[in-house]
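Construct all of the structure, not just a fragment, from the sequences and the given hints.
Protein chains in written order, with the UniProt record's numbering: chain A, 1 to 174; chain B, 1 to 898.
These aren't lab readings, by the way, just hints derived from the structure by calculation. All values reported here derive from a predicted model rather than from experimental measurement. Built from N, CA and C at the ideal position, the CB exists for glycine as well. A few of these clues could be false.
[Stated by the list, open to error] Listing some non-contacts, in silico: residues in chain A with all C-beta distances to chain B over 12 Å:
(1) Leu9
(2) Leu16
(3) Ile30
(4) Thr46
(5) Lys57
(6) Gln73
(7) Glu76
(8) Arg92
(9) Leu98
(10) Gly110
(11) Asp130
(12) Leu131
(13) Leu140
(14) His158
(15) Asn167
[Said to hold, decoys possible] A partial selection of chain B residues facing chain A, derived with a Cβ cut-off under 8 Å:
(16) Ala64
(17) Arg67
(18) Tyr68
(19) Leu72
(20) Gln83
(21) Glu86
(22) Asp512
[As the list claims (entries may be wrong)] In the BS3-like style, the derived pairs of lysine-lysine whose C-alpha atoms are separated by at most 27 Å in a straight line are:
(23) B:Lys47 to A:Lys138
(24) B:Lys864 to A:Lys88
(25) B:Lys47 to A:Lys88
(26) B:Lys204 to A:Lys96
(27) A:Lys105 to A:Lys88
(28) B:Lys47 to A:Lys105
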Amino acid sequence: MAAAAELTLLEKSLGLSKGNKYSAQGERQIPVLQTNNGPSLTGLTTIAAHLVKQANKEYLLGSTAEEKAIVQQWLEYRVTRVDGHSNKDDIRTLLKDLNSYLEDKVYLTGYNFTLADILLYYGLHRFIVDLTVQEKEKYLNVSRWFCHIQHYPGIRQHLSVVVFLKNRLYTNSL
Amino acid sequence: MRLFVSEGAPGSLPVLAAAGRAQGRAELLVSTVDPEECVVPFLTWPKVPVLQLDSGNYLFSTSAICRYFFLLSGWEQDDLTNQWLEWEATELQPALSAALYYLVVQGKKGEDVLGPVRRALTHIDHSLSRRSCPFLAGDTESLADIVLWGALYPLLQDPAYLPEELGALHSWFQTLSSQEPCQRAAETVLKQQGVMALRPYLQKQPQPGSFEGRAVSNEPEEEELATLSEEEISMAVTAWEKGLGSLPPLRPQQNPVLPVAGERNVLITSALPYVNNVPHLGNIIGCVLSADVFARYSRLRQWNTLYLCGTDEYGTATETKAMEEGLTPQEICDKYHAIHADIYCWFNISFDIFGRTTTPQQTKITQDIFQRLLTRGFVLQDTVEQLRCERCARFLADRFVEGVCPFCGYEEARGDQCDKCGKLINAIELKKPQCKVCRSCPVVKSSQHLFLDLPKLEKRLEEWLGKTLPGSDWTPNARFIIRSWLRDGLKPRCITRDLKWGTPVPLEGFEDKVFYVWFDATIGYLSITANYTDQWERWWKNPEQVNLYQFMAKDNVPFHGLVFPCSALGAEDNYTLVSHLIATEYLNYEDGKFSKSRGVGVFGDMAQDTGIPADIWRFYLLYIRPEGQDSAFSWTDMLLKNNSELLNNLGNFINRAGMFVSKFFGGYVPEMVLTSDDRRLLAHVTLELQHYHQLLEKVRIREALRSILTISRHGNQYIQVNEPWKRIKGSEADRQRAGTVTGLAVNIAALLSVMLQPYMPTVSTTIQAQLQVPPPACSILLTDFLCTLPAGHQIGTVSPLFQKLENDQIESLRQRFGGGQAKTPPTPAEAMAAAAPQQIQVLMDEVTKQGNIVRELKAQKADKNQVAAEVAKLLDLKKQLALAEGKPLETPKGKKKK
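As structure tokens, this is what we get:
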């Protein structure tokens, strides 16, 4: 998904009515937003955080210092490690790490839904779609989290629903 | 909370510098762990620094840790900081880890290290200077500053890697580095060992590989469409509407060209090619062609311009060549000077003067500078032991002696090096030395020589550099070379030689000696000018009024940036010194070097025989100009660039624009009624034109060429979207639209013809003749895009500008000029991506050839091992071919029937 399309999705999920126009910069097609007042903003997570503030939903950036830092950490993770790594091994490592991270968590910050969940969901969608049933079971915590986010109101929009089985088929897979 | 760090982990720098912010708000324990220890339980790879929070959560991102410390102190997040931190993580870090890895682990230096990060450094510098704030996110130091400073500190603390021309970056970095928390962090992490303190950590990291691909590509970067403000658009439209009226009167041609007070006087020199060699493409792009583009551009700007060059004719090499060819040195010089002049004439180099160094003026000026240095005490005398052949009655240069190697006993060791053991030899240490000319045995004689006392001039040189370099357009490699010479300290340099072919030394006891070429070759520029006009001193003793641009390849930098300035400063005669030293990197040929002796590569005189016009050569050489990094000439790439950029992009656009005027409007430019889309296009073209000017003013020749191609791409798109060929058949409004689109397009074509003039002068003239561009508009380029072909202007006959280059034509040229095929088999991924049809053809040919070899060997019942080796080669070739064609590999079958 191109960054501009992703930001448009985010705008809708935040309930922003007026759609912004984005241009793309450089070989990595980094999104650029020309704001009305002041200079343009460059970069997916930068613009995303800006949109959140525009929608007056600052709580999506975290409430405490700790939460804020954690949100930004996962946003950085999204643009440095999820984007650009498309080889299978990298993705496997990434899912493995994320799976153990999410073992005791509902959302990335723990108990609160944030922008980090939204952007990681958008970023991982293309990989999760391709997982086999067995892999989904292997990354059980990721699957649980992903399934949860895709059913969060207004987030998924036109993206395809990824089906997760409720009953485990491969009991020894973990 | 607990912070985990490792010895030499670069991430510790910003984290420790930011930790002060959290002081008094939480207790911080620091633990040092092994770089390979996995601290974070959920990560499968080791990561430090890591902050474990009291809640049990982990922060494993360096920026997130710094951010947390700042948040604890009550700081609020903002967009600009977020933007810097995202940029740091996605753009700066990949570049920086590559640079640090090259420097610390691989021991590389100079451009190899600076190359990957240059763009990022420039970005920071520009942002700082554009906003004119001392800090990245405003007037006070903040999170973004600490994170970026910490990332950059290991590299930039060595001044060699902090480019001087980036003034804003410089002062930002100095300000931060002098602050207490930063200073302390730097001491803790680098322990006063500089960047090498990172070695134990970086050694254990995987090599950052992915960056390599970005740095060496000859491909254009994707263009970003800038956002335009209403003001920019309306300014562009106003300028356009003024049209030809806003052109200033054309400067009258002067002869001779002399500096004029109050004008911009540009003196351009190209390094003097050594006379006894035919220049190859690398020599041509390195100096004469690059300087020519700038000279032509400078004239288009109506700057008062003098461009000079000539052949460098004195020295041992000329004497040797004369002996080889049985001519006198003077005859050799005359012969080769003419060859050089012809080549440059064919390449359309617009010298005002192409002179030579063997003239009475050269002797006069060189001796004058020498006398002045001598009386001011900048010349030393010393004795040097040298071999002398009594029979030839001369001292022997190293290349004229042969003998037995003192180290390995090899019989034919040369005077400077043994070909067998490779050791460097001092000629007087050779056993049984022989004069290569008469084969008699030379004797060791001491000879008096003169030395330029560079250490004594070093201070003046540094003062001058301190005034000249900041804000000038010296290329980064030139700055780097000069800096490293100064860092190592200057030593006295011998300026005399025991030769006959040179400028005589006007001093008693030195009657049979001449000046060493590197002392007097750079004086050649002055003497060549003196042969052009007796008022040469108005150019060369006029530093206030003259802007001196000197073009050369990087190996020539020390003589132009250091030795000549020292001579000139020591002579105390108000000489004009180089203001902008423009040095290129090297151009390689296909995958190797140009080599005259191996017959590899294209040399100046051969380019004419290829049937490819000079302008195409100019275009391709400038397109791959080794600007900032080495680049390579490749036949296949030349074919691609000709067919894609020239034929399909530029040529197609200009031809279509002209054809529409001829076919639809009877050869007269139609009325133009601009819509808002047209105005935007005007503004985009103007913006790109201004970019072109900015680049060429900074002598970034290769990049400025991209602007021309970008404008023509805009033009093609514009025509494609508006489809004038359909609208011309439509309603009145449609026909008017077709007219506007055609008129605007043909005006863009006229603008392109002028922008192209420095690069492809003949093509430029052809376009201007086809479109009948009015004469003043052909010779002046303003920073605005003007309507130079107003409605009603009649154009001439339009015809195609470029010819397609065919595969077989290029293939036969490649074979004729040697070099070529990659010796190392490409990896499958490369082959998949890069397999062009011609490559496949070449592989097929090789498979056939190798197949024949195998068959022949088998028929001869040759040795089994030999057959097996050739079969292995054949299989490998087949594999490459299959990969290139994207076919599945044939699995080797068992024994085949023959």
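Which of the numbered hints above does this structure break?
Violated hints: 3, 4, 6, 7, 8, 9, 10, 22, 24; rest satisfied.
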